Amino acid sequence: MNENHRIEIDELLNDLVDDQATQRQETEFKRLAEHDPAIVDRLEAMRRQKRILNALPIESAPASLAEEVSSVLERKLILGDFPGDEQTIAGASHLFLRRIMTTAAMLLLPLGLLSFVVYEIMRPASVGPAIYVSTDQTLAQEDLNNSAASTSSLDRELPFNGILTFSTDRQTAVSNYVEKTVFDESLINYTVPNRSADATIYQISAPPDKIKGLIESLEKIWPLCQAVTLNVVDRSGNKAIEISQVQSEQVVALALENDRKMIDHLAGQYALANENEKTLYAQNESSELRDIGLDASPRLAMPILTGRTETEPQPSIQGQPTVRLRIQIRQSDE
Amino acid sequence: MTNLSRHKDNISLDDATLVRQCQNGDLEAMSCLIVKYQDRIYNTILKICQNYDDAAELTQDTFVKVLENINSFRSNSSFYTWLFRVAVNHTLNYCKRRFKLSPLSLDAEIGQGEGARGKIAEVLASPDGPDPAVVAQQKELTKIVINLIGQLQQEYRVVLVLRDIEQMTYAEIAEVLQIETGTVKSRLSRARAKLRELLETVLT
Numbered sequence: 001m002n003e004n005h006r007i008e009i010d011e012l013l014n015d016l017v018d019d020q021a022t023q024r025q026e027t028e029f030k031r032l033a034e035h036d037p038a039i040v041d042r043l044e045a046m047r048r049q050k051r052i053l054n055a056l057p058i059e060s061a062p063a064s065l066a067e068e069v070s071s072v073l074e075r076k077l078i079l080g081d082f083p084g085d086e087q088t089i090a091g092a093s094h095l096f097l098r099r100i101m102t103t104a105a106m107l108l109l110p111l112g113l114l115s116f117v118v119y120e121i122m123r124p125a126s127v128g129p130a131i132y133v134s135t136d137q138t139l140a141q142e143d144l145n146n147s148a149a150s151t152s153s154l155d156r157e158l159p160f161n162g163i164l165t166f167s168t169d170r171q172t173a174v175s176n177y178v179e180k181t182v183f184d185e186s187l188i189n190y191t192v193p194n195r196s197a198d199a200t201i202y203q204i205s206a207p208p209d210k211i212k213g214l215i216e217s218l219e220k221i222w223p224l225c226q227a228v229t230l231n232v233v234d235r236s237g238n239k240a241i242e243i244s245q246v247q248s249e250q251v252v253a254l255a256l257e258n259d260r261k262m263i264d265h266l267a268g269q270y271a272l273a274n275e276n277e278k279t280l281y282a283q284n285e286s287s288e289l290r291d292i293g294l295d296a297s298p299r300l301a302m303p304i305l306t307g308r309t310e311t312e313p314q315p316s317i318q319g320q321p322t323v324r325l326r327i328q329i330r331q332s333d334e
Numbered sequence: 335m336t337n338l339s340r341h342k343d344n345i346s347l348d349d350a351t352l353v354r355q356c357q358n359g360d361l362e363a364m365s366c367l368i369v370k371y372q373d374r375i376y377n378t379i380l381k382i383c384q385n386y387d388d389a390a391e392l393t394q395d396t397f398v399k400v401l402e403n404i405n406s407f408r409s410n411s412s413f414y415t416w417l418f419r420v421a422v423n424h425t426l427n428y429c430k431r432r433f434k435l436s437p438l439s440l441d442a443e444i445g446q447g448e449g450a451r452g453k454i455a456e457v458l459a460s461p462d463g464p465d466p467a468v469v470a471q472q473k474e475l476t477k478i479v480i481n482l483i484g485q486l487q488q489e490y491r492v493v494l495v496l497r498d499i500e501q502m503t504y505a506e507i508a509e510v511l512q513i514e515t516g517t518v519k520s521r522l523s524r525a526r527a528k529l530r531e532l533l534e535t536v537l538t
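Chains as they are written, first to last, in my numbering: chain A, 1 to 334; chain B, 335 to 538.
One chain only, chain A, in its complex shape:
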């Protein structure tokens, strides 16, 4: 008789002992008994064993049990150790809160992981050597004075630091063109774009020659703008020179200039000249500058072949000065 068969017979006998056997089990027992009469004795022994257990004397619980239980309960009641309704409700609330928290954690964790994976997939391949990343969400609304005041010591060391504002009634078209040009000029990794309700901003920190290429490529948008203004953040970093109706050549000239003193001087001259509706910065500028002992020949924009040659963004070259130009495109008020 194998083990399984023995267990089956045991369970059959147990069902018979407990009067739980079905008709089929009883028939099965009769069949087994015909082949093995000993099984009848076994069943009888089991029944007698059960009767012995059934008949074991009942011990009485200690007589004082009820009183002791009552006194324990009363003591707990007096000491406030009795789990009443309030505690039950508090416990249920706590449990509910814990369940909510657990569910939230179970949902947020995969979401967080998913977001991280998506970010890892979607983010740019590399981050360029952006010198300045503004944490201000409203760059477009930033007051110029605030901007100047917030200029860091690093900014003050920049040869050129300016804000070029295009006011146009074709803001979207101009913004798209600037964005495309930034991309075409391989300046994407030098640029921190930002958008607000009324302006699109490109904060570019790049070598002067790259800024030059960019401005030259942007010449086409000048006619689309009602006003183009350049604010030069001066050396002290707390005020700016505003050049209204600035020309692209003027921007390039300032961006290429290494000397901050000269930048300030040139900016002042351009501001004055443009104010007097002089479209070209005067020839006499040179003589004036020579009077103060500076070689002030402005470097006019020269056509250069730029862009497209760099397929991969390059970090700024070691030792080469970096200039900062913030381009803002705003809706024209006119």
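What the hints contain is simulated information worked out from the structure, not anything from laboratory work. Note that the structure is predicted; figures quoted are calculated from it, not measured. Even for Gly, the Cβ is constructed at its ideal location relative to N, Cα and C. Just so you know, not all the hints are guaranteed correct.
[As the list claims (entries may be wrong)] Straight-line Cα separation of at most 16 Å, EDC-like style, residue types lysine to aspartate or glutamate; simulated pairs:
1. B:Lys399 with A:Glu34
2. B:Lys430 with B:Glu509
3. A:Lys220 with A:Asp184
4. B:Lys528 with A:Asp10
5. B:Lys519 with A:Glu11
6. A:Lys76 with B:Asp395
7. A:Lys220 with A:Glu249
8. B:Lys528 with A:Glu3
9. A:Lys220 with A:Glu242
10. B:Lys519 with B:Glu474
11. B:Lys477 with A:Glu59
[Claimed, not checked] Now the in silico label distances, taken between C-beta atoms and shown as ranges:
12. A:Lys30 with B:Glu489: 28 to 34 Å
13. B:Gln487 with A:Pro37: 28 to 34 Å
14. B:Gln357 with A:Gln23: 43 to 49 Å
Dock chain B against the given chain A, drawing on the hints supplied.
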């Protein structure tokens, strides 16, 4: 009329009524429930833990626990099985903690009960032997049998006590232990077989 006799009259009330009265803060109903079940709970615990003092303490703890939490009792199960569930779980936890599962020395008991051994052998061997119910009342024999129950593994011992001593149905045991009825049957079968083996060992 004494308190005790009043309690005994009230015991005729069904459990649901007594529980409802307890939930309303009726202390007398609490006493009624205790008197109604104290002996059965005490005996069950005693057979599992095999120690009189521990059984008394555990019985008291069981009633305290049950009555403390009587407001959380819902009538979707019977009070009887709930009470036994608390008692059995409390006893098993206690026994695990205190390592008091080892019963008295079986050899010592056997040595003292030669006459009882003969009686057991006689009862089990022959259908025409003495009435088991009568034999079971003999003190020495009782000790031996209880000791042998104590030799069983905990899970088998509990099922055997609930079925053959407390005379619960399979379904009630399943509810008390929160296991399947099939598991109850297989454990009971093994418990009885094991007890039979132990008895045979003692008798030979």
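How the hints compare with the structure:
1. B:Lys399 with A:Glu34: 54 Å, violated
2. B:Lys430 with B:Glu509: 22 Å, violated
3. A:Lys220 with A:Asp184: Distance ~15 Å between Lys220 (chain A) and Asp184 (chain A) Cα, so the pair holds.
4. B:Lys528 with A:Asp10: 11 Å, holds
5. B:Lys519 with A:Glu11: 7 Å, holds
6. A:Lys76 with B:Asp395: Holds: Lys76 (chain A) and Asp395 (chain B) sit about 13 Å apart, inside 16 Å.
7. A:Lys220 with A:Glu249: Cα-Cα ~13 Å, so holds.
8. B:Lys528 with A:Glu3: Cα-Cα ~15 Å, so holds.
9. A:Lys220 with A:Glu242: 22 Å, violated
10. B:Lys519 with B:Glu474: 30 Å, violated
11. B:Lys477 with A:Glu59: With a Cα-Cα distance of about 12 Å, the restraint between Lys477 (chain B) and Glu59 (chain A) holds, given a limit of 16 Å.
12. A:Lys30 with B:Glu489: 28 to 34 Å: For Lys30 (chain A) and Glu489 (chain B) the Cβ distance comes to about 33 Å; the hint holds.
13. B:Gln487 with A:Pro37: 28 to 34 Å: Between Gln487 (chain B) and Pro37 (chain A), where Cβ atoms are some 32 Å apart, the hint holds.
14. B:Gln357 with A:Gln23: 43 to 49 Å: 45 Å, holds
Hint check: violations occur at hints 1, 2, 9 and 10; the rest are consistent with the structure.
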